Structures are given as C-alpha cells and as structure tokens.
Amino acid sequence: MISNKYFVVLAAAGLAISGAAVAQTIPPIPQSSPVRTIPAGTQATLPSANFQAVAAGKSILTAASPGTLGADGLPSIENAQAGNVAGLSYYCVQKKLVLGTSPIVAARTIAKRPDVQSDQFYSLGGKGLLQTAGGNVFDISTLPKDKRVMTCNDIIKKAQSFGSSSVVGH
Numbered sequence: 002m003i004s005n006k007y008f009v010v011l012a013a014a015g016l017a018i019s020g021a022a023v024a025q026t027i028p029p030i031p032q033s034s035p036v037r038t039i040p041a042g043t044q045a046t047l048p049s050a051n052f053q054a055v056a057a058g059k060s061i062l063t064a065a066s067p068g069t070l071g072a073d074g075l076p077s078i079e080n081a082q083a084g085n086v087a088g089l090s091y092y093c094v095q096k097k098l099v100l101g102t103s104p105i106v107a108a109r110t111i112a113k114r115p116d117v118q119s120d121q122f123y124s125l126g127g128k129g130l131l132q133t134a135g136g137n138v139f140d141i142s143t144l145p146k147d148k149r150v151m152t153c154n155d156i157i158k159k160a161q162s163f164g165s166s167s168v169v170g171h
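Using the numbering used here, you'd call the opening residue of the sequence shown number 2 and step up by one each time.
Accuracy of the hints is not assured; some may be wrong.
Computed beta-carbon distance windows for the label pairs [what the hints assert, rightly or not]:
#, residue 1, residue 2, range
1, Pro67, Gly101, 31 to 41 Å
2, Pro67, Thr102, 15 to 25 Å
3, Gln118, Gln95, 14 to 24 Å
4, Ala65, Asp116, 17 to 27 Å
5, Ser162, Asp73, 17 to 27 Å
6, Pro115, Ser162, 17 to 27 Å
7, Gln118, Asn80, 15 to 25 Å
8, Ser142, Asp73, 16 to 26 Å
9, Ser162, Gln95, 17 to 27 Å
10, Arg109, Gly68, 29 to 39 Å
11, Leu100, Ser124, 22 to 32 Å
12, Ser77, Ser124, 14 to 24 Å
13, Pro115, Pro145, 16 to 26 Å
Below, computed lysine-lysine pairings styled on DSBU-like, alpha-carbon distance capped at 30 Å [said to hold, decoys possible]:
#, residue 1, residue 2
14, Lys97, Lys146
15, Lys97, Lys148
16, Lys158, Lys148
17, Lys158, Lys96
18, Lys96, Lys113
19, Lys148, Lys128
20, Lys128, Lys96
21, Lys158, Lys146
22, Lys113, Lys146
23, Lys128, Lys113
24, Lys158, Lys97
25, Lys113, Lys148
26, Lys146, Lys96
27, Lys113, Lys158
28, Lys113, Lys97
29, Lys158, Lys128
30, Lys146, Lys128
The set of hints was computed from the structure by calculation and includes no laboratory data.
Owing to the predicted nature of the structure, the values given are computational and were not obtained by experimental measurement.
Glycine included, every Cβ here is placed at the ideal spot set by N, Cα and C.
From just these sequences and the hints, can you work out the full model?
Here is the structure:
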C-alpha cells in the first residue's frame, strides 16, 4: 500500500517536471515586432500582406470612425454582396456570434455559389470585414459583442435570402 502512494507522488512530480521542460522549449513571442493598433476615430489602409487588395486607397473603417454606424449603433449591411455575406457568415459561425444549424446551413449554401467563390470580398468577410458603400470595409470586431451578435444575425438573414433567391448548382 505504501509503495502505491509513493508511486503516485513520484509520477505526479515527474509529470510536473516534464511539463515544465516542455513549456521552456516553446520560443517566446519576439518583442521586436509589436502589434499595430489603430487609434480611435481614424481609418487605416488595408495592409497588403494580410488582406487581398480591395482597391487602391480604400480603408478599413472601425466603430470609432465617424459616420460608419447607424442610429442603432450597427453598420449597414446594405452594400454587402453575396461573396462578402458568405465570408461574414462563416466568420460569425466560427466566432460563435450566431448559434444553431440555420447559420451553418446558410453559410454553406451561399458559399457554394460560383460567383461567391471568385469574389474578392469573400475572404475579407471571413476575416470579419464588411463591405460598405464606396468600396471600403468595416471591421466588425471593433463593435461591442452585443452589436457584433446583432450584426451577425442580420448577416445570416441576408445569407438566407441570397440562398433562397438563387438556385445553387450541385
């Protein structure tokens, strides 16, 4: 009986030591490359290394950008085309901003459309960037969570309307 107790203690100590050794082998995050932030109330241009180029001179708008939100505190989804809606649907599902099977079905249905797969705004939508008037994009991650959820619910409704208004080829 005593040997079993010692074995458990030794095994636990061995696991703790091996876990510490593994943790020490993970390289630290380099401090030489700080994360760039966007000051409130400004617009940033799309970094070409991270996003597809939308068009020269277009900007990423944030919740702090003047005039980007409606009276309800939400961005307009009116200008979002099928490709952008499909990408945003995927983003909303992955970020768990919408729940259930209906959003998943809507995202998959609209993503099967040939015009969606070749749309440059599809990949931007997958990063949480909403197509706006004038070709700019709005970063929905800059919204408070409750507003992101409301925006995603609107996006899913729009995805469902796109899905039901066209025939998807199989």
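Going down the list of hints, with the structure as the test:
1. Pro67 with Gly101: 31 to 41 Å: 35 Å, holds
2. Pro67 with Thr102: 15 to 25 Å: 39 Å, violated
3. Gln118 with Gln95: 14 to 24 Å: 18 Å, holds
4. Ala65 with Asp116: 17 to 27 Å: The hinted range 17 to 27 Å is violated for Ala65 and Asp116, with Cβ atoms some 33 Å apart.
5. Ser162 with Asp73: 17 to 27 Å: About 20 Å separates the Cβ atoms of Ser162 and Asp73, which means 17 to 27 Å holds.
6. Pro115 with Ser162: 17 to 27 Å: Given range 17 to 27 Å: holds, Cβ gap about 18 Å.
7. Gln118 with Asn80: 15 to 25 Å: Cβ of Gln118 to Cβ of Asn80: about 20 Å, so the range 15 to 25 Å holds.
8. Ser142 with Asp73: 16 to 26 Å: Because 18 Å falls inside the window, the suggested range holds.
9. Ser162 with Gln95: 17 to 27 Å: 21 Å, holds
10. Arg109 with Gly68: 29 to 39 Å: 34 Å, holds
11. Leu100 with Ser124: 22 to 32 Å: 24 Å, holds
12. Ser77 with Ser124: 14 to 24 Å: The hinted range 14 to 24 Å holds for Ser77 and Ser124, with Cβ atoms some 21 Å apart.
13. Pro115 with Pro145: 16 to 26 Å: 36 Å, violated
14. Lys97 with Lys146: 11 Å, holds
15. Lys97 with Lys148: 14 Å, holds
16. Lys158 with Lys148: 15 Å, holds
17. Lys158 with Lys96: 17 Å, holds
18. Lys96 with Lys113: 21 Å, holds
19. Lys148 with Lys128: Given that 30 Å is the threshold and the Cα spacing comes to 17 Å, the pair holds.
20. Lys128 with Lys96: 10 Å, holds
21. Lys158 with Lys146: 18 Å, holds
22. Lys113 with Lys146: 29 Å, holds
23. Lys128 with Lys113: Measuring from Cα to Cα gives roughly 19 Å; hence the hint holds.
24. Lys158 with Lys97: 16 Å, holds
25. Lys113 with Lys148: 28 Å, holds
26. Lys146 with Lys96: Between Lys146 and Lys96 the Cα gap is close to 11 Å, so the pair holds against 30 Å.
27. Lys113 with Lys158: 17 Å, holds
28. Lys113 with Lys97: 21 Å, holds
29. Lys158 with Lys128: Status holds; Cα separation ~19 Å.
30. Lys146 with Lys128: 16 Å, holds
Checked against the numbered hints listed earlier, the structure breaks hints 2, 4, 13; every other hint is satisfied.
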